[in-house]
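Going line by line, the protein sequences match chains A and B.
Its first residue numbered -1, the first sequence is counted upward by one per residue in my numbering.
Its first residue numbered 103, the second sequence is counted upward by one per residue in my numbering.
Wrong hints could be hidden among the right ones.
Listed below are several chain A residues computed to face chain B (Cβ distance under 8 Å; list not exhaustive) [claimed, not checked]:
no.	residue
1	Y25
2	I27
3	V31
4	R116
5	F119
6	M141
7	A201
In silico DSSO-like links for lysine-lysine, alpha-carbon gap of 27 Å or less [what the hints assert, rightly or not]:
no.	chain 1	residue 1	chain 2	residue 2
8	A	K114	B	K116
9	B	K116	A	K117
10	B	K116	A	K13
11	B	K116	A	K16
12	B	K219	A	K17
13	B	K116	A	K17
Only some residues are given here: those of chain A computed to face chain B with a beta carbon under 10 Å [said to hold, decoys possible]:
no.	residue
14	L36
15	P65
16	F166
17	N230
18	Y290
To be clear, the hints were calculated from the coordinates, so they are not data collected in a lab.
From the three backbone atoms N, C-alpha and C, an ideal C-beta is built for every residue, glycine too.
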Amino acid sequence: MKKKKTQIKTKKNAKYYKKMVARIIVYFILTVVGFVYLEPILEMLAKTLMSAEDVIDPSVTWIPKKPSLENLSFAATVLKLGTTLKNSILFAGALAIGQTFVASLTGFALSRYAFKGRKFFFAMLILAFIIPVPVLMVPRMMMFVVAQESLKFQLIGTVWPQLLMAFFGQGVYSTVLVLIFYTAFNMIPRVLDEAAEIDGASALKVYWFIVIKMSATTILVVFLFSFVWNWNETYITSTLLRGNLELLPSKLTLFNSEFDSVSKAVGGAFKLNEAFKMSATLISISPLLLLYAFVQKWFIQGIENTGITGE
Amino acid sequence: MAGNNIKKRFGFKKTYQGRQTRRGYAFMLPWIIGFTVFTLLPFLYTIYLSFMTVESTVTGYVITPNGWNNYYTAFFKNTEFVPALISFVGMVIPYTFVIIVVAFILAYLLNKIDVGKGFLRTIYFLPVIIMSGPVMSQILDDADEAILAAQGIEKSTNIFILQMIAEYSEPLANFMEGIFDQLTMILWFTGIPIVLFISALQKINPSLFEAAKIDMANEWQILWKIVIPMVKPTALVATVFIIVQLGTYDTTAVYNLIKTATGNTNGGLGYAATFAWIYCILILLIIGGAFVLFKDRDKKPGRR
């Protein structure tokens, strides 16, 4: 009798240990791979804090011997942090607001109304995503040039082309945003719309008071995606804006070439090295990192609840 | 009478269906206008332009027909274009494959754990936020220099297992070395696919797993018979997303070629359109290939 009991116990124990081992392996893999993810950022941080001697010193890889904030402050000067940061936030923010709004309208139409040609527009939505942006840029540019000449209104080199595209649902990865809204709206029960409609609510009222008010997390997720993508976008911006508005990511592309001239203007004391490059990169991503740190809880929840597949 | 007919044809009637159509279009309107003006027309115009020479003059654009000359130049005269295309295909296919597999494994593992879930997910979603051209090129620039420095000392691989593989097949070893060299970059592309896979994994009905466990299935069988078939549609979405993302990734050679051709104002725009159009066909072909690969073979009716 007693023997049997212990046997059961050891069997249970064996199962328990097996599970523990499996779990440890899983955590091990995730931590190791997670480190590979973080490595560039950690390296950036380490290099940022290094002084010029530490960069050359082969015995210093991670922890600088003489940490200094000199790199950071000079990189900020080269990037013209004050103006570029403000411009970037306003520009990406405006584009993101436009994209989010139009994506919500489109997602609402696709989710709520069985109109004729709905399937066709779905196909077009996917097509708009698949066509590579470079294919569209030549005619788009020509179109804006022709438009600005006939309207006598400067378009190329201003923020208008991109704002127009964002507010008409053709910004960066707009399709994905529409699909996020589409899936999220599909999860809101239709009974609510019908109840509101019986009480005399118009379509706009249903859109605003029921669907939009119930999808705060989705809106946050979409806005954040849009903001980040617009922030990181440099190709369309460089073609249409032509550097007339100084933005942080585009300044980063020019960092290597602009470094020397700024350095000379200051007195020529600085030489371009890894530490400066990494400081500049860190500065240009830190607004996004900060934003992510503040909203990541809702962001991850939102992603997991709604998903962005749109099946 | 005619007006009535048009109304009937487009469904603007005072019926339920009519109202659905009307409202649907009303909400879709901004997107439809934008799509037509900024995407569809430029897309068609690119095809037209690819047969033209475009010159930018003081008075405006001068467009003259050029027949197949642009294509001839792209394929036979320009020495950079075809190698760039080939290297692009050579990059996209292995990358996509590795990214999908790695993303799925990571998502599966992330979905298994409960302690420290939030912290690990924060790390793994990070590439979604930071992934961008300038940042990547600054980081990769650094990595390239390191690789070049390493190459100065010893050229061939120094990893023992890869040397063993190279004994049997040189290309395979080179391929694997390439993967390991650029592992960081590949991992940074997994951001969105991981997000997609996690949300797909969480949508699987837990009772399926219970039923499988009652039937004595082990974890491995559950993974292959339930999880993978269930996330297959998501894998397709993720594949398309990766291909599109790689296609617009700044450092690919084709992309830069198109960019410089676009910047070249005297006569360059026609070539740029041709390059872009060929590039587009190529990407569409690759995506089509992905669709064929992920198509459910069992679902075909009348075949067993």
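A quick look at each hint next to the structure:
1. For Y25 of chain A, the interface hint holds, the least distance from its beta-carbon to any beta-carbon of chain B being 7 Å, beneath 8 Å.
2. Look at I27 of chain A: its Cβ gets to within about 6 Å of chain B, closer than 8 Å, so that hint holds up.
3. Interface restraint check for V31 of chain A: the shortest CB-CB distance to chain B comes to about 6 Å, inside 8 Å, so the restraint holds.
4. For R116 of chain A, the suggested interface contact is upheld, since its CB lies about 7 Å from the closest CB of chain B, less than 8 Å.
5. Interface hint status for F119 of chain A: upheld, as the beta-carbon distance to the closest one in chain B is roughly 7 Å, under 8 Å.
6. With a least beta-carbon distance of about 7 Å to chain B, the hint placing M141 of chain A at the interface is held under the 8 Å criterion.
7. The beta carbon of A201 of chain A is positioned within 8 Å of a beta carbon in chain B (closest approach about 5 Å), and the interface hint is therefore held.
8. A hinted pair counts as satisfied when its Cα atoms are at most 27 Å apart, and K114 of chain A with K116 of chain B qualifies at roughly 15 Å.
9. The suggested pairing of K116 of chain B with K117 of chain A holds, with an alpha-carbon distance near 22 Å, which does not exceed 27 Å.
10. The straight-line distance between the Cα atoms of K116 of chain B and K13 of chain A is roughly 67 Å, outside the 27 Å bound, and the hint therefore fails.
11. This hinted pair does not check out: K116 of chain B and K16 of chain A have alpha carbons roughly 67 Å apart, beyond 27 Å.
12. A hinted pair counts as satisfied when its Cα atoms are at most 27 Å apart, and K219 of chain B with K17 of chain A qualifies at roughly 18 Å.
13. Between K116 of chain B and K17 of chain A the alpha-carbon distance is near 63 Å, which puts this suggested pair outside the 27 Å criterion.
14. Restraint check, L36 of chain A versus chain B: the minimum CB separation of about 6 Å is within 10 Å; hint holds.
15. Among the interface hints, the one on P65 of chain A is violated; its C-beta lies about 20 Å from the nearest C-beta in chain B, farther than the 10 Å criterion.
16. Against a cut-off of 10 Å between C-beta atoms, the interface hint on F166 of chain A holds, since the closest Cβ of chain B lies about 3 Å away.
17. Look at N230 of chain A: its Cβ gets to within about 3 Å of chain B, closer than 10 Å, so that hint holds up.
18. Here the hint on Y290 of chain A is kept, as its CB sits about 5 Å from the closest CB of chain B, short of 10 Å.
Hints 10, 11, 13, 15 from the earlier list are contradicted by this structure; the remaining hints agree with it.
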